[in-house]
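A.B. asks: All chains, please: the whole structure from these sequences, using the hints.
Chains as they are written, first to last, in the numbering used here: chain A, 1 to 681; chain B, 1 to 299.
Fair warning: there could be bad hints in the mix.
Unchecked claim - In silico SDA-like pairs for lysine to any residue, Cα to Cα no more than 20 angstroms straight-line: (1) A:LYS87 - A:ARG71; (2) B:LYS182 - A:ALA326; (3) B:LYS181 - A:ASP263; (4) B:LYS181 - A:GLN265; (5) B:LYS182 - A:ASP327.
Hints are computed from structural coordinates only; laboratory data are not their basis.
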Amino acid sequence: MAELLLELLSEEIPARMQTRAAEDLKRLVCDGLKAAGLEFSDARAFATPRRLALVADGLPTARADVREEKRGPRVGAPDQAVQGFLKSAGLTSLDQAEKRDTGKGEFWFAIVNKKGGPTEAALPGIIDAAMRGLPWPKSMKWGSGTMTWVRPLQSIVALFDGKVLPGEVAPGGAMAPIKFGDTTRGHRFLSKGEIKVSGFADYAAKLRTAHVILDAAERKKIVLASAEKLCAEVQVSLKADEGLLEEVAGLVEWPVPLLGTIDGQFMDVPPEVLIVSMRTHQRYFATTKPDGALANRFVVVANNVARDGGRTIVDGNERVLRSRLADAKFFWDQDRKTRLEDRLPALRDIVFHAKLGTQAERVERIAGLAVEIAKFVPGADVGPVALAARLCKADLVSGMVGEFPELQGVMGRYYALGEKLPAAVADAIGDHYAPAGPNDRCPSAPVSIAVALADKLESLISFWSIGEKPTGSRDPYALRRAALGIIRIVVENKIRLPLKHFFKADDLMEFFAERLKVQVREKGVRHDVVDAVFALGGEDDLVRLLARVEAVQSFLGTDAGKNLLTAYGRAVNIVRVEERKDKALAAKIAGAPDPTLFEQEEERALFSRLAALSLSSRIKSEDFVGAMNDLAGLRAPIDAFFEKVTVNVTDNDQLRLNRLKLLNQIRATMDSVADFSKIEG
Amino acid sequence: MSDPSARLKPTCFQELILTLQDYWAAQGCLILQPFDMEMGAGTFHPATTLRALGPKPWYAAYVQPSRRPKDGRYGDNPLRLQHYYQFQAILKPSPSDILERYLSSLEAIGIDTSLHDIRFVEDDWESPTLGAWGLGWEVWCDGSEISQFTYFQQVGGIEVGLVSGEITYGLERLAVYLFDKKSIYDLPFNRTDSEVPLTYCDVFLENEREQSAYNFEVADTDMLFRHFADAEKECIRLIDRKLPLPAYEQCIKASHVFNLLDARGVISVTERQSYILRVRELAKACCEAWLATQTAEAA
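C.D. replies: Here it is as structure tokens:
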């Protein structure tokens, strides 16, 4: 058993691409090994800013010759089948195949001889194919070459069983080929010269000595552990940021976290601004004080062990942060000189969408909707709602949001507070994009609710009106998120919002239904029950809809519910079978049965029980649990009916039709609560 | 100082420029002088834009005064200017040790890599107005961007044959770093022990104030719109006459006038895109015409 070690050393690979590239390399090499019939016990791939590495263990040193027979289509089969067979067998014409009579007819057979031999003969081709197939999100050529890689490729370590594999990669043009070898390089600054390696264990160990931690997971651990230790020494806490940690681990081969200080003059700039500026521009971690407020310390992760212990590096980083924050503070001070109201004209210059006009026009639509929505949101006064809606996009033309688009809304809130606008208005401006995802907080204040709903409804209605509906994979305007946002706001705040009041499009309502199913599935709500309730049509109040869904679902969980569902199925089936026989039947059994035609006690009992129900008034008063209890009461008479009464009597068609009417009435009654035919067993 | 490679570490702004020139000259680069027109970046210099195309190798380095009207801060921001200097080196085709050469240039100007944290952070470069893009990095020194490094893949909408490695040093920022100043204006322009020692402030503060006022408040926009239209027309006419070099100068002019109009805030968002496209069309036409002369020469 032997080991394959591969390392592709290049100039610095973008952090965001490393993890995926390592996985792709592993997948491609493993697929190549399997296709060549080479078994292996384990394969692992790694990425650092300068290298992709892969190790596969337990490979055989040689393969035996393999003879495979492949049966193809029948002789004389259509050409398409023949071509498919040739392609899959790697043949170019039927001359290379042979005919054989299998006893069940004559078939084509391909004989594929896989040449065995030493494993090392197969590996260079596998490596070459994997490198060609590696799907970098963006790649480039360099020098005079034509080969593409993420950045210029520098060297290749390719060892099998401790020996260098024969092979090379030709970048093309006038450039020398990159030969497979057994040498690599360590850290760009903390290591000098070439490193000769004999296998993976040796490679990983020597890299560590040369200040390269091969495994990104270990680099992350080191960053976290050292950063937390530094923070603890000055009584602050590291603000967790998984995305940043991931990126930082891709920027350093030898992580050295260092603690810096934010200049005090910037601590009155909103913390969101400081955090965004540190994160997006500088990749610094923020820290918090014990009370949760932003602390004046930050953590920068260097890629170097400096001989002054990092003092110069920290000084430099503090200095660059000062200039970054000076700019942010400049925007903060400048922006507050202009009232949000006075920014509105500038929204006329921003095109929101070619077919939907400017941001200013959009704001008008949002404001119109918000006022209308406010009527359904208890405690949302029209005045503040209208004001917040009108101002909610004003910060888009502020300097700060121009610099940091992700602070939209957040800055509007601060500027509104600065103008002494009511807190509810400021909060609504700050909240109106929320919830941005399933884990984002959901607005709960009345004014915020109205504006946040209006913002999302406007998107849906507008994009729907120009035919920009999301398709399976494309949702460029994040309309799914908008619909999910509306659902969350409405449901979590129990807002009785008649959606149909705001739009006519039926398929938009269906879109909501689909999103709602996705939304509630996690909470254990059955999608078929949602379907059953939606199928009634006309329901556009999500709160009422979910109350009904919950009642139906818990009813179906009881014995009475299960039995009734069976009885319902039986009733519907009988009617359906008869309807199939007689196309005109549906018309004949519409309407109520005639009590004078009843012959058996069970018919009368069932009929009077159905007649005594007050389902519609219960439903009207949204007493869905009561309605379910009513339905539960049907179980006994229905069971008795089926036990004693023959529906399809052959000698009395009038009686038969009357009984079918009764069954139809069961269906109609139950369907007034939910379309039980949608319920899956 | 007879041996240029023995030049001491720079102590002032102009010595930084001289050191970089010496260094890149020793790497085999032509040392060119700034192009005598206003432009937003050293990349606009024909020694980069045009020379990046065509089959001939080209190593050159030069300082280019660069103007970004929108970046003006009336001299109030210690690290932002509307007029600043870029030092640009272009190596075509990019040699395989170009990063090492770049890092040695940092050592030459006095950045001790055993004290600092040098990082290559992904930065895909794209110039919409030049129809150009490339892949590379921002180079960070202790969190401060000190250079941009780009492998050109396309220029003027044309895919390059030989790939140029382009290195751009933002000289003021780099100097602030090297000489440990809080503000660009505190930089010694010449040596502090000179007979007449002067700072960056002495040379440029007033310029920043006046130019910011011009860029943001005073520039005659009607005139600028006319200039844009004229430059565009002239560029197209010169391409028709098969004079890509003078045509490209008109393209540079149009680009700068657009930047001024943009800073004055008289170009709406939708118009903005169409102006950028217009400049790009000019750049493309110039590049195509220039490439035609190069290929004709090579043939």
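A.B. asks: Going through the earlier hints one by one, which of them does the structure break, listed in rising order?
C.D. replies: none
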